[in-house]
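Chains as they are written, first to last, in this note's numbering: chain D, 90 to 422; chain X, 43 to 349.
There's no promise every hint is true.
[To be verified] Distance condition first, Cα-Cα at most 16 Å in a straight line; then the derived EDC-like pairs of lysine to aspartate or glutamate: (1) 310/D x 311/X; (2) 319/D x 213/D; (3) 159/D x 189/D; (4) 397/D x 354/D; (5) 308/D x 86/X; (6) 181/X x 165/D; (7) 184/D x 165/D; (8) 141/D x 357/D; (9) 397/D x 407/D; (10) 377/D x 49/X; (11) 355/D x 165/D; (12) 177/D x 189/D.
Just so you know, these hints were derived from the structure itself, not from any lab. All values derive from a computational prediction rather than experimental measurement.
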Amino acid sequence: MFKQSKLVSILAVAGIALFGAQAVQAQVVKIDGSSTVYPITEAVAEEFQKAKKNAIKVTVGISGTGGGFKKFCRGEIDIANASRPILKKEMDACKEAGIEYIELPVAFDALTVVMNPKNAFLKELTVDQLKAIWEPAAQGKITKWNQVNPAWPDAPIKLFGAGADSGTFDYFTEAIVGKAKSSRGDYTASEDDNVLVQGVSRDVNAIGYFGYAYYAENKGKLKAVPIVEKAGKPAVLPSEESVLKGSYQPLSRPIFVYINPKSLEKAEVREFVEYYMKNASKLTQEVKYVPLPAKAYTVNMEHVEKKKKGTVFGGTAEVGITIEELQKREAKL
Amino acid sequence: MQPLTNEQIRAVIARGKLKDTIFKGLGLFCLSIALLVIVALIADMVIKGSDRFTLDFFLNFASRRATQAGILSAWVGSLLVMLVTALAAVPLGVAAGLYLEEYAKRNWLTHVIEVNISNLAAVPSIVYGLLALGIFVYKFGFGQSILSAGLTLALLILPIIIVATREAIRAIPAMIREGSMAVGATRWQTCRYHIIPYAMPGILTGVIIGLARAIGETAPIITIGALTFIAFLPPVPFTGEPPAGLFDWVMSPFTVMPIQIFNWTSRPDPAFEVNAAAAGFVLMVMVLSMNAVAIYLRYKMRKNIKW
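Extracted from the complex, chain D is given alone in its bound form (with noise of 0.2 Å):
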């Protein structure tokens, strides 16, 4: 009796689910792609929801941008969320998939070089002093402090850094070394971020990079290091202001959503794309993001009105771009 109730219930399921796959489709915004934008894309769900009563269902992933956007151009999803531009492979694989695009910039995120607040010689650091500490060259040989600078003391240097799987990996090691995914290897890498928070916060000598959100929610056990682009110009904290005036360079990049022009045709996923736009400026705040001036996002909505396809970036990574230079390019699209 167990054995063959059992059995029909599983032949039961198995067909009944695939008659069933028809009738689920509907009204579901499908969302997935970098860890980094998630925290904005999940608030921005969640008071979706909220506002339409439940109506429409959002679904957010964590798959990664590259993972994202692999998704994203076999038409499984939506909406791709990526911390960096689509690549130009991405971009070939999306266009022999008949996929197209609409980019939309959403937030500003600062990377931010963490120290221990205990630290008592470091001042600021020069973007060349960051490559002498980051390049591969200088794997297991600058070990001490005082090897970057005769000043500070003989102390172990000792570095925290993003996994080389991540978009904070590839957009730290083209801005600082000049070469995405170009970095020493003797350092404790992590995908988790809070990981290298305690690292940093345990360690007297040690720095370690992060997205903002992970400083900002860590102040007590952090100190961010003021940043010199170049010689000559003054030492920059990351902060909402420095960031919009685009004078925390080259550590500030934009972050972005890319919309399927043919899921737009489904009321749901217009109204949440509306919604994203209109509420993105406070979301973005509250999760600790920097936001777009207000125009950014009425500019990023005539786009979807008038949908204006394609990439402003070429397929290629690019480090410190303003937020004046993103709505110039954005604009002329």
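Take the given structure of chain D and dock chain X to it, following the hints.
Relative to the frame of chain D, chain X by itself:
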């Protein structure tokens, strides 16, 4: 050889007893370390997560605000995935085990199959995830659904159930089988009325150990694409507009407890660690209560077996 004096014998015995005591102490020490780790882990989670043990925590969806975030979609997802897993793995696993023990001829092919089933139990779970991504998600078109996840975990625990079933059947004395057949029962009748009922306690133990392993699995579920933010439940049959079919929920997107916990531990806001601890404790309670059910069922069924 001279016979030992009383003193010498006493010394030998004393030495033996000393070794006995040392070993006993060592065993107790090892046991207490294992127990302490569990107790410390649970205590840590309870203390850290104590702020979140409210009804709301179980009834709220995920949220960007730690204090409002709950595990509703996660625990419902975990339970439904387990249901699909059990429905798929139990009949298959028990039938396969029964066949191998009672029907299969003892030849080299059976032997190869047996060895490989044991090997399958040791395959890393991520491999099942990759397999399922190719087969269930894309080939069969089940998508990132509860059905895909349930079937994936079913594959994962199938070897455990098969092995447990076989062990349970092997423990049944041959005379039961012979007696049954001697009075004219067919092989199927023997299985149906004797083998399966008597093996049931062992089979159930295997099933629940398998399910307890499955409920904590993260890697294969992430591989097939479980979601992180999902603020709705799978459709309840015959409700909603248009009414959902009886099995519509199996195609629904979902999240599960381990993924929710993982997401909370990697958040910037340290307040989410409290949620993660609380959710970790809930998951622990789920696993422990599954084990408790297994022990109870085994105890109850054993009492009913009269050989």
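Subject >> Ascending list of hint numbers which this structure does not respect >> reply: The structure breaks hints 5, 9, 10; every other hint is satisfied.
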